[in-house]
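Could you build all of it, start to finish, from the sequences and the hints given here?
These protein sequence lines map, in sequence, to chains A and B.
The numbering of the first sequence is numbering that gives the first Met the number 0, which starts it at 0 and goes up by one.
The numbering of the second sequence is numbering that gives the first Met the number 0, which starts it at 0 and goes up by one.
Please keep in mind that the hints were generated in silico from the structure rather than gathered at the bench.
Treat the hints with care, as some may be off.
Said to hold, decoys possible - Derived lysine to any residue pairs resembling SDA-like cross-links, with alpha carbons at most 20 angstroms apart: (1) Lys190(A) x Ala217(A); (2) Lys127(B) x Phe52(A); (3) Lys90(A) x Tyr129(B); (4) Lys90(A) x Arg289(B); (5) Lys202(A) x His264(B).
To be verified - Chain A side only, calculated, beta carbon under 7 angstroms to chain B, not exhaustive: (6) Leu60; (7) Ser97; (8) Lys101; (9) Tyr136.
Said to hold, decoys possible - Okay, the calculated beta carbon distance ranges per label pair: (10) Glu367(A) x Arg329(B): 47 to 55 angstroms; (11) Tyr53(A) x Thr72(B): 30 to 38 angstroms; (12) Cys363(A) x Glu197(B): 55 to 63 angstroms.
Glycine residues also receive a C-beta, built at the ideal position from the N, C-alpha and C atoms.
What follows is the residue order along each chain.
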Amino acid sequence: MNVKGDYKIRQIIPRWYPFEHAFLMGEIQTNEKPAVSIWTPASYRHKEQEWLFYRQLPWALDFVGTALVSNDLSNTAAVDASKFILNNSEKVSGLAKSVAEKFLQFPEPKADLNLSPSNRRSVIISSLKKHVREYPYNAIAWADMAFYYAVLCQNEKANLCISIALNLAPENRFILRSAARFYLHTKNPEKALFFLRKSELTKRDPWLLASEISISEAFNLRTRNVKIAKNILLTLDATPMDLAELYGTMGTLEMTHGGNKKGKKLFKSALIDPNENTLAQAEWVSQNIGLTIERTSKVNAAFEADSRRFFYDEKYKEALEEALKWLRFQPFCSHPVEQATYIAGTCLNDFKEAVRIVKEESRCLLNENFLINNNYIFSLASLDRIQEAEQQLATINFGSLTERDQGVYQATKGLLEFRKGNIEPGRLLYEDAIKRFQKLKEERCVALATFYLAREEQRVGHNVKEMTDAVIRLAKKIGIKELLQDVAKDQDKKIII
Amino acid sequence: MSDRPALRLEGLELSGGWKVEKLLERPPTATGGHFSVSYRVVNIDGREGFLKALDFSKAFQTQDPARTLEAMTKAYNFERDLLNKCRKQKLSKIVIPIADGNVEVPGEVLIGKVMYLIFEFADGDIRKFYNLSINLDLAWALRSLHNTAVALKQLHSRGIAHQDLKPSNVLFFKRQAEFKVSDLGKASDKEVPCENDEFQVPGDMGYAPFELLYGYTVTNEFYRRYGVDLYHLGSLIFFYFADISATQAIKAKLAGYSGPTLTSHNFISDLPYIRKAFFEAIQELEQNIRAKAGDLTNEIVTMVKELCEPDPEKRGHPLDRNINQYNLERYISKLDLLTNKAEYMLKK
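Below is the structure:
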């Protein structure tokens, strides 16, 4: 059982969601008051006079429609005309009625951030396909279609859709961030950066700048935008929400280069009105530089941040619940699945739940991501479902794995041998894994492998005190609280006695 | 007695045998000239006419009367010259003046002369007859669209862009069962530079395509102004089937997810949202059209999609895009065919 979740350095990689979620997350609109722009004041005044003179629907509609186009939302005569339209709404078209409704009140954003169950996704795709057949210039529909294809792990189709979206709208924040996240998903950070850097908008849009810098940092690729970002933070007259990701990105950058004090200051600005991604970053950072997070405003979909907070506070049940919400919010993404299966297995000892998460909520990621596959096999083996575990293990190509993952593979194979009753080969495989991790200085993995080796040894009646002590020492040293749960319980028992 | 001479023309006799009958207070057709006053006039031969008198006195109520007066005179002369050009070219679908001139208003010292234009008397603009989309007469609406498209074609072929086509500027002549386009006050002439050329939104902003509202121009070539006329023509279809303009419908959809404002004030950045809103508006419009037009729906919807396409570079018929992008010929033929079909359906 393993997790990459505690990345060595987490970055504010842009999220990817369908358009209606992006709207809810504040990525589409600004919180600025709309500027009233009346280009033809004489004609506008005349419309108002006509409405006041005739007091009939055609004149009311034209006046309110024009007031809406001009953002003249406080015009009392137009408010009056809107009410008149709504009182006679049965006589006008739905579109005309909606003009009056929108004039009186901009609707509150509504969307269910838990994405539809997987069987609904193909229905959404066919509806989007119909949309683009009818109107192929709708870049948003193409980007949404790419998203749902990616959720179904149909990356080739997703690639085609996102390319069309980019071609139609290479200068749009939502499309650029969606595309960047897609190319990261398909392990192509250079392409993600190519489009971000090609766009003129990136040099003045704080959301895009944050994405460009974060991706560059995450993949050790050089960025030339740090100066521009600093300048934008000093000069751009934008809302705190619009600047949150950039503040968080620059804070992370400072922190990773030793500037903890500056980093803290930047994160304070980031947390004035953060989005969920910035908040999650702050939660991650808080463990490293002792940042205190006070949530002053309600943050939409803060699932990752909440999961992290509960995890650090050792409230594993709640952490799992939030990780599952995070998974449904970003269903194409492997991190929440890794996190959820790890919490279910290692922290809650609930391997049935870990198996369910993979089978029911992220089936298509199974063969895409080694760690998810590993956690699934590990959970199956822990439930003594040996045959299924072996079948799944056979799908992994050992040679294609990174050195770290090879170690993880060896440990999981060791577990399988133990459960098959082959104690000695199992032990040798575990020991091999531990050696590999030690060589790589992966202390967290060393602790986990030792912990599970001890579990298996104990199951066959061997003395594991020495091993357990080693795990406790290491877990205390690097702060793996979940491995210290039994120690804590023992201490509690002693106190009660 | 009014201190504005243009308001005191009732009863006066004009050259050419015209007599001023009645002041038309706030007529439904009066959204164009804001410094003008309208009268019903009658000729000794029995013809009725519509007189548009330029109200210079209003200039003296402004902060800089001299400049306002200069601008008004310029605008009047430009419109008059443009209308004369249309008259000489015999543009049959444009409301052109039957006569023009000036009249001395008795008792006036400062500006005693009032300049005027006399047009043939229409039965009203289309707003007066259409009686909301739920009561729409399909054949009548399609005929008006056809006549309007012909009017625009006539203007475009003479190097004139109307730029302010809207329901109040499409007049119905009942006796001839004919529609004509009026009010060239916001037009631009390819050969004669004018003040209208300088405005970001020359016409009514409630009908303006989004590129104008953003101040975006893909080219400074004159033909881009024809693209605005195409958008306005498509917007008339919106008006007939949804009671509002395309701009108003798109803005209402945009307000649904952009909240008060979008991410930027850049047309190219916001275009994907505008297009999404446009598509949603079209989907709703299609239902309205289907209820009225049945089998003709798809052709009408395709036309609106092409005419009101938010991206000016993609506007117009796809087959004309590379040669004469804003050509109206295909739409004129299509609208004629659709009108005949609708009339046939009515007779059946």
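* Quick check: which numbered hints come out false for this structure? -> Per hint list: zero violations.
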